[in-house]
Each structure stands twice: as C-alpha cells, then as structure tokens.
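Q: Based on the hints, put chain B in the right spot on chain A.
Listed here are the chains, written in short residue letters.
There are 2 protein chains.
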Amino acid sequence: MKSYLEMTAEERQEELAAQRKLYDALGDIHLNLDMSRGKPDATQLNLSMDMLQLNPYDLIYTRKGTDVRNYGELAGVDEAKELFANLLGLKMENIIMGGQSSLALMYDNVIKAYVLGVFGGSKPWGQQGQIKFLCPTPGYDRHFRITEEFGIEMITIPMLETGPDMDMIRKFAESDPAVKGVWCVPKYSNPTGCTYSPETVEAFAALKPAADDFRIFWDNAYFVHGFREEDDKLVNIFDCCKKYGSEDMVYEFLSTSKVTFSGAGVAVLAASENNIKFLTKQMSVQTLGYDKINQMRHVKYFKNVEGLMAHMKKQADYLRPKFDCALASLRRGLEDTGVCSWTNPRGGYFISFDGLPGTAKRCVELCDAVGVKLTPAGAAFPYGIDPEDRNIRIAPSYPSTAELYTSMDVFCVCQRIAALETLLK
Amino acid sequence: MKSYLEMTAEERQEELAAQRKLYDALGDIHLNLDMSRGKPDATQLNLSMDMLQLNPYDLIYTRKGTDVRNYGELAGVDEAKELFANLLGLKMENIIMGGQSSLALMYDNVIKAYVLGVFGGSKPWGQQGQIKFLCPTPGYDRHFRITEEFGIEMITIPMLETGPDMDMIRKFAESDPAVKGVWCVPKYSNPTGCTYSPETVEAFAALKPAADDFRIFWDNAYFVHGFREEDDKLVNIFDCCKKYGSEDMVYEFLSTSKVTFSGAGVAVLAASENNIKFLTKQMSVQTLGYDKINQMRHVKYFKNVEGLMAHMKKQADYLRPKFDCALASLRRGLEDTGVCSWTNPRGGYFISFDGLPGTAKRCVELCDAVGVKLTPAGAAFPYGIDPEDRNIRIAPSYPSTAELYTSMDVFCVCQRIAALETLLK
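These protein sequence lines are chains A and B, in that order.
Letter by letter, the first sequence follows residues 23 to 447 in my numbering.
Letter by letter, the second sequence follows residues 23 to 447 in my numbering.
These aren't lab readings, by the way, just hints derived from the structure by calculation.
Predicted model only: the values in this text are computed from it and were never measured.
Each residue gets a CB set at the ideal place from its N, CA and C atoms; glycine is no exception.
Accuracy of the hints is not assured; some may be wrong.
To be clear about the criterion: a stretch of chain A counts as covered by chain B if any three or more of its residues have a C-beta under 8 Å from a C-beta of chain B, and this derived list gives those stretches [unchecked claim]:
1) 90 to 98
2) 275 to 288
3) 307 to 316
Capping the alpha-carbon separation at 25 Å, the derived lysine to aspartate or glutamate pairs in DMTMM-like fashion look like this [unchecked claim]:
4) B:322 x A:175
5) B:322 x A:328
6) A:336 x B:390
With the rest of the complex left out, here is chain A (with noise of 0.2 Å):
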C-alpha cells in the first residue's frame, strides 16, 4: 500500500470512506476501554496479595525494638531506610520514607520550598518574584500541574533520545537565578521511555545553577521497572554529583505505587545528608511519622534488594506481553501510512506516540467517542498545550490484552481518520 503522503487527493478521499466505514461499526460495539492512565490491572495487583498476608506479628517490631504501631522513627524505619538505599546505591542516611504517594512528596517539597526555603537558600522560593522550572517534553502531567498549580512559568525543554537537551538546561539554569529546578523522569521516562544516557546524568550533576535554591527533582518513578531481557542502565546521579560537589542539589524520589499496590505502597525520598538534615526538621513540624507498619510489610516481604528484583521480574512478565500486542497493533495498523511514529520503551508504563501536526486532539476526540479512553491530547506538555498537537501517551498496562488488541485497532482507524482528515484539508 502507498503510504498517505504518496496518495493523491482522491485516493485519501477513498481511504478516508474506508477508514470511515469500519469507524461506524465501532459504534455499535459499545466499547469502554481505559488506555489513559499508567495503571496496573487487577492481575498485576494480585502479584503482590502476599504481602498483605504476612503474619502481623512478625511486623511489629524492628531491628532496635521500636514498635511500629506506635509514634516514632519520624523518617521511617531503619530497615526500610535501608532497603531502598540499598536498591539506589545510597547510605541509610540519605533516605526519608515517605507516605504512599511520591507525587505527594513532590508536591510537599515544592510547596515547603515555597514558603520555608531549601537547604541552603537565602529566602523561600515565593517571596523571589516570578519563578520558572524547566520542563522535559514530553513529560509526566502531574509534574507540570504542580508547577502550574503554584504559579511556577514552565519552560519547555525537548526530550533527545539521550534524555533532556542539556545545553538548553544549561542555558537557563546557569543564566536565570529565577529557575528554580526541573523535573526530570531519569528512568523509562514518561512518556518517551528514553533512559537517560550517562553524560546526560553527569551533566545534571556538573550543573552550576545561577540560583543557590536550585533543585533537580529527580523521580526515578521506573527504576526497577525494566521488562525486556536487557535492561536500561541508569548512572547514579549522586555518584556524578560526588565529582562536582553537587550533591545538594538533587531530591529523588521513588515509590512502590507500580512495585507492590498503586497509592498503598512506600515512597521514598533520597537526598544528601544536608538536605535530609534540614527537611525531617521541616517534617518534625509536619507529622510524627508515616505508616510504619506498611513499611514493615515491605521490608518482611521483599527482605533484600534482590527479592525486590525478584518481585519485579514477575512483573516485567505480566506486563511485556501488554507492551508486544500495543506495538504489534501499531506496526500492522499504522506502518504503512508512513505519517507516524512511535517509542518502543525497554521498561515504564508508556508509548509515546507522534502523528502528523494537528492530529492529537481529534484522534483522541474519536477514540473517545467509541469507547476507548486515552489520555488527553497535549497533557504531557506544560500547561496541557502541545504546540503541534500531535504527540499522544499509550498506557497499555490497565486493559486486560484483548481489551488492548480490541483498543489498540480502534486507535488505527481513529489515527486513520484524523491523519487523512489533515491531509485533505
């Protein structure tokens, strides 16, 4: 078959009538299908059903006597402080066992940075004017609604296939003290995939920021989240920052919403010994602690670094089967029109997905309309505008594999549809 840049007008007009016609039978299937979000499904969820059948017993006590059912251990339990340095490559110190959301953790530590201040800043983020954060696009939604939220002007930076272009991070971090931190997803970037490449990370951490409050706010949300034979190697940033004396500059975050239950997991935030210091002072006013009984069932259930990996591997199972029948389904439904493109990630939860300019919105609007539910055009961009409205996010981790194959199809005849409508116009 030509692909539709070949075609002439009158062949996509037939194309379209095609196209047209198996979109109209669609209707009738009364579909309701969720590719929306990076959520896993019930299956994937009983994975993990052990977990909650530890003998509670077993649980209540730490390594040092504290009882976890009580207040105490405001920064979490030792064991799972030191769980999750082990997995990152970090000391005990530099871990804070968060709640069960690291969004939630983000959130708090922009809105502290706001009105408190960061280690080692003059003043709070809010009383400095008009602050900016850098953006990788196309990113993760829930990141650029933080920012918005506050106020914060976003600038959008582009993502390479080496991860953010760092010459533009540069330039305005280095040159505007009114930047005050970006938001990176190092790992199986959402939405692209893309690891980010080891002269990206020491880029990060060789960053001489204009601003003395300037954070990398580092979610390495898909760490543990390969699901191909090789694995994507992401380097250490803070052993990057180690060189450069940078180590202050950078929160990450993690959590198991996509290890064990999605928002009744742990999170964790890892940062230097500084900023651990001055935020569980922060925290000491906040709260006496988060669940530390949900942080023991972690700890008993994974035991080290290694049944955690274990763990995942079942995981990368379940879900790599998800991830051959969406790309299987682009390749048979969309290779040959020539107009798309699309991410083929080693681990994460998405595709991303780049159709002709001026497509997004209107695919998306007729996906919608038969039942099958994506994630919005333009919500990987700041402000939920992508200026050539054509990049579209694939979360095939929540519909069971026949609802993928069945939504899958109608993303190709609605993709179809909305390149062919473009071309004619």
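A: Below, chain B alone, put in the same frame as chain A:
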C-alpha cells in the same frame, strides 16, 4: 501536716531536706520512664491487632466495585467516609479521608491556605502581611509549632472550665482581619481535659470574623475517648453553624491514631460541601489519594459506629486504671502541700498540672535527672513559653501501671522540692 504555705521558713527547710534525701535515693534506681507524650503502650495497641489479621481478599473491593489496591477515589472510599460521617453526625459529602496523621492534614491545610488560599477568601493568607492565629492555652504544643513555623503571630486565649474565653475570641476574630484562625481541641482538650460547653460551641458557630478567610481548626482528636462511665457531650458544631450560615468556617479533624494504631491509622477532614469541593480540587494536584487498603481495614474491622464505640470501650477500660493510678498518686503525694492543682478529666490522654509559679521547669529538670521524662515545661503555650512557669502536662498512658506508680512518686517528690525552693527564695 501543715500546707507549705502555712509553714515557717524553718519548717520548709526541714521539709526540703527530707524531700532531697528521698530524691537522692532515686538516682540509685536508674529509672528510664516516659510520661512525655500521649501515646498508647504495646498492650493497648494489641487491642487492635485483629484489624491486621483480616483476610486481605475481603478488603480489596469496595461496595461499588473499586479496587482499593489501585489509584482512584481521591477523597477516600465511600464506606470509610460514611463510617466517619456517621460518627460525627455528618454526611459522606462532608468527608475527605486523609493519610494516617491528622496533624499532617492540619499542616497541609495551613500551608495550602497560606499559598493557595481557602474557599471564599480573596487571596492566600501568605499575601496579606503579618497574619495571626488564636491559641486557647494551655493547648496542644504541635498546633502551636505549625503556626510558629509559618511565622503566624499567636495570640494566647485563656482556657476556662467551659472552653476558651469566647469574649476574647470574639474580640480578636471580629475586629482584626489579620486573625485567620483558631486552634481548638473541643473535647477532652489537650491538656486540660475540658470539653467545650454547648454555649462555647454555639459562640464559635456565631462568630462573624473580620477576615473572609477565617478558619476554625476543630481538632476533635479525643471525640470517642471518654474513659469514665459518664461521657462528656460535645455539641456538633456543624449543627450550630447551620443557624448562622457559618458552615464554611470550620475544618474538623480526627484520626484513629488513638483508636487503632498511632501514626498508622486513618485521618479524616470534615467540612462543608463548599470546602470539600474546593479542597478536593486542590488535592487533585497533590496526590492520587491516600492508602485505601488501610481505609478498608478500618471499615471491615469496625463495621459501623457501634463497632467502633465497642472498640473504644476496651481502650477506655485499659486506660482508666492508669488515670486512676496517676490521680491517686497526686492526691496522696501532693494534696497536703496546698500549693498544687490538677485536672480530673473524663477522657483524653492528659492531666494538666499547675504548681506554684516558677516551679515547672525546675520540676521537669529534677524528674529528668533521675530518669523520668516529662513533656518540656511550657510546651502547652505558644512559643513554648509559660509566662508563669507553672504548668506541666502529665501523660499517663505510655508507662505500665507499675512504672506509672514509680514515675508519679518521683514527680511528687520533685514537685515538692521545686515548690519549697521557690517558697524559700
């Protein structure tokens, strides 16, 4: 025996020598006892262990079919909202389920009001110059630390038998638009044990604050924590507010930290529908929701309000003897001195003790030196400063009864020494 007030200087000297001898002997016992915080002991925590032994497969689906192991239900599961709404005499629509710390929820609402503003307010608290909070005193030290952290000026309001001095509350709140809020523990108040009278609650509801963004922080921490036969009755403030159209003025907080597990239960925010809608929208930027598995644990364990109250009966039966022991020790150990007074609460976690002016710090220091840890003197006052240096908060819940007996004996000796030293100055 003569009261210390009636004694001559010589008799006081003699008595002081006798008490010092008792005190010196205490050093040899090497005590390590803690009456500093209102927290349960391990046996009391055991009362809730069955909640951790529920079959996890019975927890995972809500009645409307939501999988609680996954994202969703931002404001909490209906069952949990309903349970706490019923407990408080409110509707499900008035409830947001928070994390596991009501303190964190209060902090969160202060900082958000500061940066983002509250429903109906013209601009955020933080953009209105120096703002102020009313602080009924003695009160909860951690409340005061939150307002101190944000540089909010604290105005001391005396606690009467009926609750805070409402003439003063009215005077400040209704004349000064910089007054943005008031901290309240309306039932079995921390530390006096007082429950606000119906007139006090009505007076709160009838407030006409000068500020359009004034909030009553109604920390109902001990709502179900009566331990005597007769439970204090607290009027439902929202019922009163209806009369005055002032529902939007109140944020009510509670948690199960002293119902199930301290720092590992669930927390609740109750408010008008206007507030709930406004706060849920703010919350949607912050998180995908709190731990719903733990919400379901609480729901399935208690079943309903009656179940929760039956559970609290067990807690009361466990706590009552500790209060009896502490109160008997005070009577036996200090009544004849004629220079001290203390509260006799019907619930909550504290006894508020008043010695002679200028004795509290000294008494705490003496206790500490022989291994009995008390809440720092002045903790119950804004900025940690008791202008008369006479108030001490006694928390009898954590030590065993035997430890408590010893601790209270130590306390009485130290109190006598401090009183005599002051009288002899």
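Q: Now tell me, hint by hint, if it's right for this structure.
A: Hint check results:
Coverage of the segment 90 to 98 of chain A by chain B holds in this model, with 5 residues showing a Cβ closer than 8 Å to a Cβ of that chain against a need of three. Coverage of a stretch by a chain is defined here by at least three residues with a beta carbon nearer than 8 Å to that chain's beta carbons; for the segment 275 to 288 of chain A and chain B the count is 5, and the condition holds. By the rule of at least three residues with a Cβ nearer than 8 Å to a Cβ of chain B, the coverage given for the segment 307 to 316 of chain A holds, with 10 such residues. For a cut-off of 25 Å, the pair hint linking residue 322 of chain B to residue 175 of chain A is broken: about 46 Å separates their Cα positions.
Proximity of residue 322 of chain B to residue 328 of chain A is assessed by CA-CA distance (about 34 Å); at most 25 Å being required, the pair is judged violated. Of the supplied pair hints, the one linking residue 336 of chain A and residue 390 of chain B is violated, its CA atoms being roughly 53 Å apart against a limit of 25 Å.
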